[in-house]
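As given, the protein sequences belong to chains L and U, one line each in that order.
Under the numbering used here, think of the first position of the first sequence as 1, with each following residue one higher.
Under the numbering used here, think of the first position of the second sequence as 273, with each following residue one higher.
Below, a list of computed lysine to any residue pairs in the SDA-like style, where the Cα atoms sit at most 25 Å apart:
id: 1; chain 1: U; residue 1: Lys402; chain 2: L; residue 2: Pro146
id: 2; chain 1: L; residue 1: Lys259; chain 2: U; residue 2: Arg408
id: 3; chain 1: L; residue 1: Lys259; chain 2: L; residue 2: Glu247
id: 4; chain 1: L; residue 1: Lys164; chain 2: U; residue 2: Leu349
id: 5; chain 1: U; residue 1: Lys404; chain 2: L; residue 2: His196
id: 6; chain 1: U; residue 1: Lys402; chain 2: L; residue 2: Thr208
id: 7; chain 1: U; residue 1: Lys382; chain 2: L; residue 2: Pro245
id: 8; chain 1: U; residue 1: Lys404; chain 2: L; residue 2: Arg237
id: 9; chain 1: U; residue 1: Lys404; chain 2: L; residue 2: Glu49
id: 10; chain 1: U; residue 1: Lys404; chain 2: U; residue 2: Tyr391
id: 11; chain 1: U; residue 1: Lys404; chain 2: U; residue 2: Ser388
id: 12; chain 1: L; residue 1: Lys82; chain 2: L; residue 2: Pro217
id: 13; chain 1: U; residue 1: Lys402; chain 2: L; residue 2: Val204
id: 14; chain 1: U; residue 1: Lys404; chain 2: L; residue 2: His252
id: 15; chain 1: L; residue 1: Lys164; chain 2: L; residue 2: Phe150
id: 16; chain 1: L; residue 1: Lys259; chain 2: L; residue 2: Phe225
id: 17; chain 1: U; residue 1: Lys404; chain 2: L; residue 2: Trp240
id: 18; chain 1: L; residue 1: Lys259; chain 2: L; residue 2: Asp228
id: 19; chain 1: U; residue 1: Lys402; chain 2: L; residue 2: Cys147
id: 20; chain 1: L; residue 1: Lys259; chain 2: U; residue 2: Gly407
id: 21; chain 1: U; residue 1: Lys404; chain 2: U; residue 2: Tyr389
id: 22; chain 1: L; residue 1: Lys82; chain 2: L; residue 2: Ile213
id: 23; chain 1: L; residue 1: Lys164; chain 2: U; residue 2: Val335
id: 24; chain 1: L; residue 1: Lys142; chain 2: L; residue 2: Asp105
id: 25; chain 1: L; residue 1: Lys259; chain 2: L; residue 2: Glu211
id: 26; chain 1: U; residue 1: Lys404; chain 2: L; residue 2: Thr208
id: 27; chain 1: U; residue 1: Lys404; chain 2: L; residue 2: Val204
id: 28; chain 1: U; residue 1: Lys404; chain 2: L; residue 2: Pro47
These are computed hints drawn from the structure, not numbers from a lab.
The structure displayed is predicted, hence computed values, not measured ones.
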Amino acid sequence: MASRVCRRPGHVLFIRVIWVILFSGPAIRAEPPQQEVAGRASGLHAPLELPSSPELFRAAAREANPRWRQFYRATSSLPHRKRNHSAFALGSLLCETLLAAEARDAQYVRNSIQDVRDCLTLLGLAEALDNRLPAIHEFAEKQNWPCLRFEIEALEGSFQLLLKNQMDAPLTTLIGLGHQLRCLDVCAAIASQDSHPVGIDDPVYYATLIERITRLPASTREIPFLRDLSEELERLRVRWSQVTPEEDVSEHVAATAEKIRNFLNRTMEAQR
Amino acid sequence: MTAGWFSCQDPRALSCLGTVLALLLLATGCSALCAEEQEILPASVSLHAARVLAGDGYERRAVMTERHLPAGKTIDLDVYLLEQNTYCFLLASREQTDALTFTVCDATGKRVEESSYLYHDGALHVLHLKPKTTGRHRLRVINLGATPAHLALTYCYR
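Can you build the whole structure from these sequences, using the hints too?
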């Protein structure tokens, strides 16, 4: 009897704890705080302020009739020893995979994905790709290019989410920048073939990318290749903001293509 | 010799413990369902719409933006549209409210005329448009209702 009296307080406490859990849980979920919603606005829940590569490629294809395979990068972008470079290269490789999808080239998709995997190994995210690899290969084999394009964008989102969870948020920006730069590189190369430029002629586009760099922590912003990128983007922004509507833009297109290509070459070749 | 109340032989205590565990399991299931429903509802709705649109040659972005919109408030979201493409925006709210409305404005703030604006099944707003200019546009969502709305937005393009 005495022992039962002794145990009751613990019993009551346990029941109280359970009821607190029961009633507080749904209440919290019913109205997610603003902070939680804002948090979800990252990763797969991302701002739509810039178009995806396939969108730009689709628009560029309406202006020209590009032979996509001629825009493949001559050299592989990997591997890099430094995580920052690796994240940037990863973004560029994801764009390369999308370029292969435009070219309907299953073999080049496989090659690019292998490079992506090497990059991910350095970032500690290889497992995230392995889960999705069968689907990617199947889409490529079955020539299901719309699904492949969707999967690659979703893949990029999942990498960014994982990096955020690893407290590596700046790397997520670098992936996005690598992707965008490679995409602009392709768009500039297409426009160099006497077609109306898509994306590369808009100062707002460059301003958006500069803003993304500005939002990075100071320690990341000071990385030499990011300082270099920021300066190049600013030069391009100024160049295109001075172009008048009646002006022939072929010279500006050529200069833009050269600047972006040179930047990618020196960044990808460095730090191997 | 009993070490704690888990080994208690009192039938009332055991009965009470059983009830609590049953409630805990029930609550866990309900919470999981609730969370799953909240997460998946807008995505599954837009996914269903995207499948329908895929038949028209549209491709869906893999990302979406999610926002909390208080009653009577307006929110502006930046989107970059290309004049060569045609777009179909999909807006879903967790509350399945018909009090949301949205329009697209260009960089100068001028409203872009939509090709069509549809409202499906009490859950999904669909807006088709072909922009006249390339560049940053502003998507304005207005909550005309008396309750807050959690909205998810994505788009398809072709």
